[in-house]
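Top line first, the protein sequences correspond to chains A and B.
Counting the first sequence from 1 gives a position; the numbering used here is that position plus 1395.
Counting the second sequence from 1 gives a position; the numbering used here is that position plus 805.
These aren't lab readings, by the way, just hints derived from the structure by calculation.
All C-beta atoms in this analysis are idealised placements derived from N, C-alpha and C, irrespective of residue type, glycine included.
Heads up, a few of these hints could be off.
Claimed, not checked - Below, a list of computed lysine-lysine pairs in the DSS-like style, where the Cα atoms sit at most 25 Å apart: (1) A/Lys1697 / A/Lys1499; (2) A/Lys1512 / A/Lys1523; (3) A/Lys1523 / B/Lys976; (4) A/Lys1523 / A/Lys1697; (5) B/Lys976 / A/Lys1703; (6) B/Lys838 / B/Lys808; (7) B/Lys1026 / B/Lys1036; (8) A/Lys1735 / B/Lys934; (9) B/Lys836 / B/Lys808; (10) B/Lys986 / B/Lys976; (11) B/Lys865 / B/Lys878; (12) A/Lys1697 / B/Lys878; (13) B/Lys878 / B/Lys839; (14) B/Lys986 / A/Lys1697; (15) A/Lys1703 / B/Lys986; (16) A/Lys1523 / A/Lys1499; (17) B/Lys861 / B/Lys836; (18) A/Lys1523 / A/Lys1703.
Said to hold, decoys possible - Pairwise CB distance ranges, derived in the manner of DEER restraints: (19) B/Leu881 / A/Gly1565: 33 to 39 Å; (20) B/Phe938 / A/Gln1441: 44 to 50 Å; (21) A/Trp1702 / B/Asn895: 36 to 42 Å.
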Amino acid sequence: MAVTTQVPGSSSLLERLQRPRVIIALMLVMWLPLMTYVMFGNYLGQQLKDLILLPAIPATFLLWLVAVISWRESWVAVLGVTLVFFWLLVAVSAPYLPLIDPNKPIAPFTVPGLERKGHYFILGADLKGRDMLSRTLWGCQRVLVWGVTATLVAYIIGSMLGLLAGYLAGWWDEVISFISNVLLSFPVMVLYILILNYLGPSGFNIVIAVTFASAPAIMRIVRGLTLDMKSRDYIFAAQTRGEHPLWIMLVELLPNARGPIIVDACLRLGYTTVAITTLTFLGLGLPPPDPDWGLMIKEAAKVAMLWKFSYMLLIPALAVSSLILGFNLMADGLREMSLKD
Amino acid sequence: MLKLIFRRLLQMLLIMAVVSFILFLVFDSDKFKKQIATAELGGFAVSTLSEEDYQKWLAKKGLDVPFHERYVKWVLDVLRGDFGQSFEKNTSVASLIGERLINTGILAFWVFALMIPLSLTLGVLAGMKEGSFQDRTLSFIAVFTTSIPEIATAIILTVILALGLGWLPTKSAMISGWDWKQLVLPVLTLVVYDFGYVARMTRASMAEVMTSQYIRTAVLKGIPYRRVIMKHALRNALIAPFTIIVLQLNWLLSGVVVVEVFFEYNGFGKLLLEAALFGDVYVIQAATLIAVFVAVLSQIISDVGYTFLNPRIRFS
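Can you build the whole structure from these sequences, using the hints too?
Here's what the structure looks like:
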């Protein structure tokens, strides 16, 4: 962030912020601390753990601003991106918000808006007496980090396979297409259950399961796009120059296929978030006791079947819905805009 | 066409063979044998069990036979129609799965019976006039309902209809006999989650047909608008939704898992999850193969149906 504000130039600050290189830098500043915090938080020292998310807060805010300004023509996309960035902002700033410890049992079954044992529960407390508000806000960290990581890994593997199958054709295509046909013939949830049951419930295993479930579909999309672009002039030009096939795939083909890929990625982020929450609810996703929306639903579903305690189920359900609605609206708005051009 | 169907069926058999082999291999590991032992005898008993007694237990369950012998025996049994015995429930897998499949079948029937007319009507209404007020409202509702995951839809509907208004029971375990009231919430959840997607696809298809030349000709000839829609537009506009609806069968098989677990409905999805958590090899084998069979079959039906319904492809 400091770099962007000190670069002298004639263009306005906002225009400078919209450059791809700056956006990528901002994304890294936002994402890397968050990922480290959630995945490897226990290995960091307490002091480092307290400070690591600080630079991510302004980066997230700036990214949201840039996204809103560059997509302002579509209110659907703006609404979606705002919902997503609300949760991202909560995720990076959760350690600094004045919240009660989400894992500390205080007063079980406290309904919203009551004060008990010296704490005011805005959204009530769950069956073990932990504060719902802080559990809901903390819960978005794990879903976001694992969901985005899993989608990213699935995308890297899926698009590599798609490029190989589409560009090299022949045996590559036959083998990759058969494997993905086998995987695609499973109902997704069945595949998730089988893989996670074999590997055991953990974040990294979710990444593996999501990769197995989504990479074949991504591969199909990328393969189709590659087949479509393979006969364009600029590919022939690159071939005539004697470029390496790998270079052609990564530098010539992949960037030109980015439009449909980005829209699909937004949708797939939504699917992955749903999958992680659902799997945690089924007892196959992220392990307890850290706060997580799926876990909150799982725990409350056994005891909260009364109107009075329905907030325990409703709050995590609404939270996860709003995040997924954000991803879907973003995808919708982006598609709308890409059709206009 | 027959050649196409034949090729796809052959591919399906190959896929099912590969899947069953991999599953058998996975569940043959020591880890899973231990898991079955733990589930049956209890964790404490297993940890104090001597190696000799463990081997005896394996022999009793027929798990000590080498992998290839068990697999060949299983394949031959399946070809004779015998899917083996469930470790957990001590009944034959075929009768267990058959019973659960009927329950899920009833659920699926009502979901489709409600979802198809609802989503087609809404889709056609939205697609008739692209960009109009009704189009935008319906599209927004469709995005909204599909964005809410099934688990959240289930919760919201339960809280409103069962906990708040008290009209319906919260669980659908059907312990004291069959009760249609207990079926309402699972069906409603699946319909609310799914109709939006089909409606949007119908809308896209309808909107595309409405911009075509022959519809403009029909309108300009002075045919009443109603008849243009009913006689001319619908026929072409409903081809694409057909394939999508058939493919929803595949989606339903993964969608039912969470709904059945949440409402404790004794169906196929719940059985699959229970069997996976228990390590009940033969039940998982059979259930997965049925799931793959239904999924691939629905893909074939949708492909063939599309070719059959669309004369431009059929006669070319």
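Are the Cα positions of A/Lys1523 and A/Lys1703 separated by 25 Å at most?
-> holds (16 Å)
Are B/Lys986 and A/Lys1697 close enough, with their CA atoms no more than 25 Å apart?
-> holds (21 Å)
Indicate whether the distance between the beta carbons of B/Phe938 and A/Gln1441 respects the range 44 to 50 Å.
-> violated (57 Å)
Is the straight-line distance between the alpha-carbon of A/Lys1697 and that of B/Lys878 25 Å or less?
-> Between A/Lys1697 and B/Lys878 the Cα gap is close to 42 Å, so the pair fails against 25 Å, i.e. violated.
Restraint status (C-alpha distance of B/Lys976 to A/Lys1703 at most 25 Å) = holds (17 Å)
Holds or violated: B/Lys986 to B/Lys976, with C-alpha atoms at most 25 Å apart | holds (10 Å)
Quick one, are A/Lys1512 and A/Lys1523 close enough, alpha carbons at most 25 Å?
-> Since the Cα atoms of A/Lys1512 and A/Lys1523 sit roughly 14 Å apart, the hinted pair holds (cutoff 25 Å).
Does the alpha-carbon distance linking A/Lys1523 and A/Lys1499 stay inside the 25 Å limit?
-> Holds. A/Lys1523 to A/Lys1499 sits at ~9 Å (cutoff 25 Å).
Regarding B/Leu881 and A/Gly1565, is the given constraint of 33 to 39 Å on their beta-carbon distance met?
-> Check passed, 37 Å falls within 33 to 39 Å.
Take the C-alpha atoms of B/Lys865 and B/Lys878, compute the straight-line distance between them, and say whether it is at most 25 Å.
-> Measuring from Cα to Cα gives roughly 17 Å; hence the hint holds.
Please work out if B/Lys836 and B/Lys808 have their alpha carbons no farther apart than 25 Å.
-> violated (44 Å)
With a cut-off of 25 Å on the C-alpha distance, tell me whether B/Lys861 and B/Lys836 pass.
-> holds (17 Å)
Comparing the model with each numbered hint stated earlier shows that hints 6, 9, 12, 20 do not hold.
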